[in-house]
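Undergrad: Below are the chains, spelled out letter by letter.
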Amino acid sequence: MTLGRNAKQVKHTIRNLVSSLIQYEHITTTPAKAKLASNYIENLILKTKKNSNNKNTIIEWKKSLYGKLYNQDITIDKLTNEFLNRYLNRNSGFTRLIKLESRFGDNAPQVALEMVDNSNKELMFWYIAKIVARLELQGLEIDPLTKKNMDKVISEKINGELEFKKIVQICKDNFFNNDDNNLDLKPRFKNHSNGFNKQTTNFQFVPRENNKQ
Amino acid sequence: MSFLLKSAGILGLGESLLPRIGIPSIKVGVTVPAFLQPQQVSEESTTLDEKLCDHQECHDAGHGISIDDGILKAAPKKKVSHMKRRQRLYGPGDKQIKLKENLNRCPACGHYKRSHYLCMNCVGQIRKYWKDRDAPAPKEAEEFVNPRDEQILYPGKTEREYEKKLKSKDWLLRRPKTLPVE
Numbered sequence: 001m002t003l004g005r006n007a008k009q010v011k012h013t014i015r016n017l018v019s020s021l022i023q024y025e026h027i028t029t030t031p032a033k034a035k036l037a038s039n040y041i042e043n044l045i046l047k048t049k050k051n052s053n054n055k056n057t058i059i060e061w062k063k064s065l066y067g068k069l070y071n072q073d074i075t076i077d078k079l080t081n082e083f084l085n086r087y088l089n090r091n092s093g094f095t096r097l098i099k100l101e102s103r104f105g106d107n108a109p110q111v112a113l114e115m116v117d118n119s120n121k122e123l124m125f126w127y128i129a130k131i132v133a134r135l136e137l138q139g140l141e142i143d144p145l146t147k148k149n150m151d152k153v154i155s156e157k158i159n160g161e162l163e164f165k166k167i168v169q170i171c172k173d174n175f176f177n178n179d180d181n182n183l184d185l186k187p188r189f190k191n192h193s194n195g196f197n198k199q200t201t202n203f204q205f206v207p208r209e210n211n212k213q
Numbered sequence: 001m002s003f004l005l006k007s008a009g010i011l012g013l014g015e016s017l018l019p020r021i022g023i024p025s026i027k028v029g030v031t032v033p034a035f036l037q038p039q040q041v042s043e044e045s046t047t048l049d050e051k052l053c054d055h056q057e058c059h060d061a062g063h064g065i066s067i068d069d070g071i072l073k074a075a076p077k078k079k080v081s082h083m084k085r086r087q088r089l090y091g092p093g094d095k096q097i098k099l100k101e102n103l104n105r106c107p108a109c110g111h112y113k114r115s116h117y118l119c120m121n122c123v124g125q126i127r128k129y130w131k132d133r134d135a136p137a138p139k140e141a142e143e144f145v146n147p148r149d150e151q152i153l154y155p156g157k158t159e160r161e162y163e164k165k166l167k168s169k170d171w172l173l174r175r176p177k178t179l180p181v182e
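Here the protein sequences come in this chain order: A and B. Heads up, the first sequence is in our numbering, so the first residue is 1 and it goes up one at a time. Heads up, the second sequence is in our numbering, so the first residue is 1 and it goes up one at a time.
None of these hints come from the bench; they were simulated from the model. Note that this is a predicted model, so its numbers are computed, not measured. Misleading hints may appear alongside valid ones.
[Stated by the list, open to error] With a straight-line cut-off of 20 Å between C-alpha atoms, the simulated EDC-like cross-links for lysine to aspartate or glutamate are:
#, chain 1, residue 1, chain 2, residue 2
1, B, Lys177, A, Glu101
2, B, Lys100, A, Glu101
3, A, Lys165, A, Asp180
4, B, Lys98, A, Asp106
5, A, Lys99, A, Glu82
6, A, Lys166, B, Glu159
7, B, Lys177, B, Glu57
8, B, Lys128, A, Glu101
9, B, Lys128, A, Asp180
10, B, Lys128, A, Glu25
11, A, Lys121, A, Asp106
12, B, Lys128, A, Glu209
13, A, Lys121, B, Glu101
14, B, Lys177, A, Asp179
15, A, Lys99, B, Glu101
16, A, Lys172, B, Asp132
17, A, Lys78, B, Asp134
18, A, Lys147, B, Asp134
19, A, Lys35, A, Asp117
20, B, Lys95, A, Glu161
21, B, Lys98, A, Glu163
22, A, Lys35, A, Glu60
23, B, Lys131, A, Glu60
24, B, Lys128, A, Glu60
25, A, Lys148, A, Glu163
26, A, Lys166, B, Glu101
27, B, Lys177, A, Asp180
28, B, Lys131, A, Glu82
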């Protein structure tokens, strides 16, 4: 079967991955496993949304979740309370896959799997905050591509702009202090495009329509 | 071929008996097809009883060397030459390291990164910050009124050189930072 394991083992790996994803909001795995896990958790969130309208069904659903997750004390509570509020306006796309460089040792391709709009560990959010921090330190304007990415990341988040400002400040304080990262010693970026791709000028963020429940 | 080379017997008896004893005989207990069994050449001087006796002797001694149990196996005829081996292993283009064309500039730090992939230097910085942030608070040291008490309770431990080396973690394999663009 998939992943070179039998059905039982695959089930357990997915269950393990998903429960730790719910607990920590951000995990690193291989892309094959990440895709399986993201499918599984999207299905779970959709079903919790569906069952949350009625009191009886939500109780039954919580009971059935015991057979689908591990660390049930933490994960079930989080899934049925926190995730419901966070993803009220979303119908799909609760997770995000980010490609990383391959692993040392066996050179396996790696991927970061994270929950969208989480407040604890959102890599995309932090990465874009770091870009903005660099631009502000150098006294440059925010270029269109970064502006688009910023809007995309902030728009659905609770207290998005405030959080973003906080993290930009953290990036300024921590990540540009070494001589390696010192921006005064480096040549400045000549233009907004990244120097290679020419199609980075005219992007615009189109907010997602609020879906009816 | 499986020979029971009873070398001791051959040496002891001398040349006169060589044809009789030197004839290879199959070890009992191993099934060998008839056509692989060695054919006897000279039949004149030996009778069937003598041959049986010899065979029995060989079997009783039991110290013969058996090779491959009578089965012929495939083996290379010649050593592969230096040139041919290197042509096979390192010649083909798909086995060599390829140049990466899909390179970009990381917008956060200005060094090279692969397009559609995140810059691992920035990711490492962010992850290290998270690790330090989420780490449990260090235990507070006990305060003693009399410093003598602390000396008795915790006499301390001398740290060896290799322990210091292990703690420094210089031996860990780290991902090198890419070169800056421009």
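Undergrad: So if I understand the rule, the pair passes when the alpha-carbon distance is 20 Å or less; does A:Lys148 with A:Glu163 pass?
TA: Distance of about 17 Å is within 20 Å: holds.
Undergrad: Below or equal to 20 Å on CA atoms is what counts here, so check A:Lys166 against B:Glu101.
TA: violated (37 Å)
Undergrad: CA of B:Lys128 to CA of A:Glu101, is that 20 Å or under?
TA: Holds - the C-alpha atoms of A:Glu101 and B:Lys128 are around 17 Å apart, at most 20 Å.
Undergrad: Sort out whether A:Glu163 lies within 20 Å of B:Lys98, counting only the CA atoms.
TA: Violated, because 42 Å separates the two Cα atoms, which is more than 20 Å.
Undergrad: Check the hint pairing A:Lys121 with B:Glu101 against an upper bound of 20 Å on the C-alpha distance.
TA: Distance of about 32 Å is beyond 20 Å: violated.
Undergrad: When you check the alpha-carbon spacing of B:Lys95 and A:Glu161, does it fall within 20 Å?
TA: violated (50 Å)
Undergrad: B:Lys100 and A:Glu101 were given as a pair; does the straight-line alpha-carbon distance stay at or below 20 Å?
TA: This hinted pair holds, its Cα atoms lying about 13 Å apart.
Undergrad: Between B:Lys128 and A:Glu25, is the straight-line Cα distance small enough, at 20 Å or below?
TA: holds (16 Å)
Undergrad: For the pair we were handed, B:Lys98 and A:Asp106, check the Cα-Cα distance against 20 Å.
TA: Holds. B:Lys98 to A:Asp106 sits at ~18 Å (cutoff 20 Å).
Undergrad: Within 20 Å, alpha carbon to alpha carbon, are B:Lys128 and A:Glu209?
TA: violated (36 Å)
Undergrad: Is the hinted pair B:Lys177 and A:Asp180 satisfied, with a Cα-Cα distance of at most 20 Å?
TA: holds (10 Å)
Undergrad: For the pair supplied as a hint, B:Lys131 and A:Glu82, confirm whether the alpha-carbon distance does not exceed 20 Å.
TA: violated (23 Å)
Checked against the numbered hints above, the structure breaks hints 3, 5, 6, 7, 11, 12, 13, 18, 20, 21, 22, 23, 24, 26, 28 and satisfies the rest.
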